[in-house]
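Asks: Residues are numbered in this note's numbering as their position in the sequence shown, beginning at 1, plus a constant of 339.
These are calculated hints, taken from the structure and not from any lab test. Glycine included, C-beta positions come from ideal geometry on N, C-alpha and C. A couple of the hints might just be wrong.
Taking lysine to aspartate or glutamate pairs in the DMTMM-like style, the calculated list, with each CA pair at most 25 Å apart, reads [to be verified]: (1) LYS396 - GLU520; (2) LYS821 - GLU786; (3) LYS722 - GLU786; (4) LYS659 - ASP626.
Computed spacing ranges between beta-carbons, pair by pair [unchecked claim]: (5) ASN350 - GLU773: 15 to 21 Å; (6) ALA678 - LYS443: 20 to 26 Å; (7) TYR434 - TRP686: 49 to 55 Å; (8) PRO449 - ASN402: 38 to 44 Å; (9) GLU455 - ALA418: 17 to 23 Å; (10) SER553 - PRO406: 41 to 47 Å.
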Amino acid sequence: MAKDIATRAENYPEWYNDLVLKAGLADYSAVKGCMVIKPYGYAIWENMRDVLDRRFKDTGHQNAAFPLLIPKSFFSREAQHVEGFAKECAVVTHYRLMNDPDGKGVVVDPTAKLEEELIIRPTSETIIWNTYKDWIQSYRDLPILINQWANVVRWEMRTRLFLRTTEFFWQEGHTAHATAEEAIAETEQMLDIYAEFMENFMAVPVIKGRKTESERFAGAVETYTVEGLMQDGKALQMGTSHFLGQNFAKAFNVQYLSRESKLEYVWATSWGVSTRMMGALVMVHGDDDGLIIPPRLAPYQVVIVPIFKNDEQLALITEKVNEIRKALQAQGIRVHYDARDNNSPGWKFNEYELKGVPVRIAIGPRDLEKGTVEVARRDTKTKEIWEMATLNDRVAPLLEEIQTSLYNRALKVREESSHYADDYARFKEIIANEGGFVYAHWDGTAETEAKIKEETKATIRCIPLDAPEEDGVCIYSGKPSKQRVIFAQAY
């Protein structure tokens with residue numbers, strides 16, 4: 340199977356597409372720019388969703404659902420917001436089809452034109468804040484902590500499976516608060532939740548930071564981001580959390596009566612991560628033989644493959660496997676037993692290597708006699724012979740060892756691909772030849788930021804939250820700077 344996959348060295352983009360398609364994560368759709376998420380890919384997304392959903396609920400958030408269609412006039416109320424999304428919006432203009440009078444299928448009924456066009460949601464701030472206007476009257480109604488799991492549409496000209504598609508799945512949190520301090524604390528809390536999830540479950544090290552004014556979410560006062568580095572040296576924005584100030588409250592006239600009996604505008608946040616994280620999972624951990632899925636997110640943490648020549652052997656192996664599987668599942672381990680007789684064991688080994696299953700156990704008739712099994716790790720491709728009696732005690736620690744190993748390996752790649760540049764010549768050399776994160780001084784102006792992007796295709800990924808103050812000069816303009824920011828080419 341791996342022979343049909345391009346290598347990372349020869350063609351990284353093709354390698355990525357091959358893995359997504361051949362490992363059964365997703366497929367192309369009849370709708371240009373949209374994708375079909377296949378069962379194996381959706382199972383990984385469900386595991387991501389379930390972990391995050393628990394985190395959200397543990398911090399007091401509730402799930403709700405808002406309409407897919409948003410009146411066009413709503414987007415006109417917040418000037419920055421409409422400007423930021425205008426070019427990406429899909430517009431519904433009619434509400435009915437009719438048979439073509441010429442007998443050529445169906446056509447849009449010209450008499451069924453909507454009085455006001457509807458926008459397929461690119462994000463839900465406008466429809467939600469129009470709703471919050473009816474929910475909020477007093478400080479007693481605050482805070483409102485709502486999350487929505489949904490799909491959105493942002494019209495894209497150049498698409499890539501999971502990373503950038505016209506339609507994608509995500510969660511979007513929208514909260515309302517009585518004070519700016521509460522809203523900022525919420526924004527930072529959600530950023531921390533994202534970072535913890537990405538590092539502890541996705542095994543992807545991330546950097547937390549603030550976006551520059553040019554890169555902020557449309558309508559936000561401040562945008563915080565978590566940035567990951569892929570194996571090819573390009574950055575990926577993996578999630579964002581926005582402090583919206585009172586912009587949307589003022590646009591939709593959402594006020595509350597304070598404890599002091601004064602009318603005040605509400606303070607807002609929004610935050611989200613999407614199926615783009617699936618792309619990160621592939622690009623951070625995958626190798627030339629296929630996916631490598633971190634155990635905490637793997638649909639199958641362990642796959643058991645029987646090696647048999649006849650039904651009698653299979654029956655004996657299955658009896659023992661059922662004992663093993665029951666004991667492992669009692670520990671919460673996700674086990675899959677592949678007893679199909681239409682594929683050879685070797686074919687199955689290749690299939691599960693391609694799909695990135697963390698641990699593979701092979702059992703044959705001789706293993707039953709000896710009381711042993713062959714245990715293979717996907718991350719290191721090493722194999723060991725274990726006694727069956729030790730599986731209960733050894734599998735869970737092995738999965739944790741693999742989880743930690745994948746994080747450390749990704750962290751090492753990031754550290755080796757992080758550079759410091761103090762002049763523009765060196766900066767351009769790194770971007771052109773080495774890639775990765777480049778820590779450099781910037782004068783804080785949008786003009787310099789735009790010039791660097793135009794000349795190198797590198798953008799400021801973030802202003803790191805933990806970066807110390809440091810006197811320096813901008814690599815481009817030579818003007819004074821107090822802090823290094825992170826540049827990189829990005830997806």
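Asks: For every hint, state whether the structure bears it out.
Replies: Going down the list of hints, with the structure as the test:
| no. | hint | in the structure |
| --- | --- | --- |
| 1 | LYS396 - GLU520 | holds, 21 Å |
| 2 | LYS821 - GLU786 | holds, 18 Å |
| 3 | LYS722 - GLU786 | violated, 55 Å |
| 4 | LYS659 - ASP626 | violated, 33 Å |
| 5 | ASN350 - GLU773: 15 to 21 Å | holds, 19 Å |
| 6 | ALA678 - LYS443: 20 to 26 Å | violated, 52 Å |
| 7 | TYR434 - TRP686: 49 to 55 Å | holds, 51 Å |
| 8 | PRO449 - ASN402: 38 to 44 Å | holds, 40 Å |
| 9 | GLU455 - ALA418: 17 to 23 Å | holds, 19 Å |
| 10 | SER553 - PRO406: 41 to 47 Å | violated, 31 Å |
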